[in-house]
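> Single-letter residue listing:
Protein chains: 2
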Amino acid sequence: MNQTIQDILKRRSIRAFQKRLVPEDDLSAILEAGLYAPSAVNEQPWHFTVIQNKDMLAELNVKTKDLLKKHPNPLFRNSGKDQEYNIFYHAPTVIIVSSQDDALVPQIDCAVATENMLIAAQSLGIASCWIGNVKWLFETAGDEYKTRFKLPQGYTPSHGVSLGYSAIPAVQAPPRKGNAINYIK
Amino acid sequence: MNQTIQDILKRRSIRAFQKRLVPEDDLSAILEAGLYAPSAVNEQPWHFTVIQNKDMLAELNVKTKDLLKKHPNPLFRNSGKDQEYNIFYHAPTVIIVSSQDDALVPQIDCAVATENMLIAAQSLGIASCWIGNVKWLFETAGDEYKTRFKLPQGYTPSHGVSLGYSAIPAVQAPPRKGNAINYIK
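Those protein sequence lines, which keep their order, are chains A and B.
Sequential numbering from 0 applies to the first sequence in numbering that gives the first Met the number 0.
Sequential numbering from 0 applies to the second sequence in numbering that gives the first Met the number 0.
Just so you know, nobody snuck in bad clues.
Since the list can't tell identical chains apart, any single copy or any two copies may satisfy a pair.
With a cut-off of at most 35 Å between alpha-carbon atoms, the simulated DSBU-like pairs for lysine-lysine come out as follows:
(1) K134 to K176
(2) K9 to K184
(3) K145 to K134
(4) K184 to K64
(5) K149 to K69
(6) K80 to K64
(7) K18 to K64
(8) K149 to K64
(9) K134 to K80
(10) K9 to K176
(11) K68 to K134
(12) K176 to K149
(13) K9 to K134
(14) K184 to K69
(15) K184 to K53
(16) K18 to K69
(17) K176 to K68
These are computed hints drawn from the structure, not numbers from a lab.
Take these sequences, add in the hints, and give me the full structure.
See the structure below:
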C-alpha cells in the first residue's frame, strides 16, 4: 500500500492537542493542498482564515457553546453544557473555511478542500479535527465574523479545522459499516 | 514535499479515458479509501455502486443528456446538446456515490469520501473525474435507480466518479484564485 493511501486510511479525528504550533512551512503546505481541491466548474469557492489568536479562539468557543446549550438535539445540548468541552479541543491553530455564497455547490467544494487539508496534515504528522459545531455560531452571527475575519465580499464562514500535535496515543478507526459497496458488472 | 501532498496537488480532473479497466486490487484500494473518510458523528452515510456494465453506463449518459438539453443554465444545456459529450467521458468504470437520507450532513460526508477516492486513484496512477451532472437524472428518476442499483433502504444516488487510465497528456492545473487565505495572529 502506498504512502498516500496509508495516510488516507490512518487519518483520524484527534480531539486533544499539544500547545506547540505547527511549523509555518507545514501550515503553508496544508493550505496549498486545500487550494488544489477540485471544484464544480473550477469555481474554487473557498476562503481560509488561519486563526492562532488565543482570544479569538476562546471567544469562538464560548459563543458556540452558549448556542449549543440551547440546541434542540440533546447530543449538541450536552456538549454545550460540558465544562470540559472546547469546540476546537484546544488546538493552537484553527483554519476557518468560508464558502462563496453564489457558487454552484459551495458546501461540497469546501468539504473537498477541507479533506485535502486533513490528509495533507496527516502526511506531515500533524493531527487535525473537522469542527462542524462552529457553524451554529456562524449561522447566527455570520455577518459579524465576515467583517472580523476580513473575508472577501460574498463569502460566509462555514466550519473549522483544528490543527496541531496530538496529545493522546494513536486512535483506532471505528469499525466501518457493512453493506456499503455493490457492483453492476 | 512528500508523496501524499504531491498526489493531492497533482490530481486533476481527467476527461478522456482508455478502454482498459483498472485492476481489481486498485479498485478495492480506492473504495477502501472512500470508506475511511471522516463523517459527522461517525455516521459513514455513504454507499458506492461500482458500474462497469456498458449498457448501464450508456443509459445513464443518454438519459442525463436528455435532461441537460432542457436545463435552464446554458452551460449545461449546451453540454446536453453536444454530440461528442459523454457524461462519464467514456470511463470504463464509474462509482456512483449514494448518500443516506437521514444523516446529519450526508452530502458533505459523501463529498469527503469522494475526494479520498480521487486522491487514492491519483496515487495509483489512475485518472478520475467527479461527475456532478448525473445528479440531474437522479433528481428526477432517483427512485428507479435506488431499485436498479439495489441500494440499501434510505439511500439516494448523488453523483459519480469516472475511473480509468488517462487517454491524454498530463493536464496543468488552472491557476488558483488569489486572496483565498488570511491570518488572525
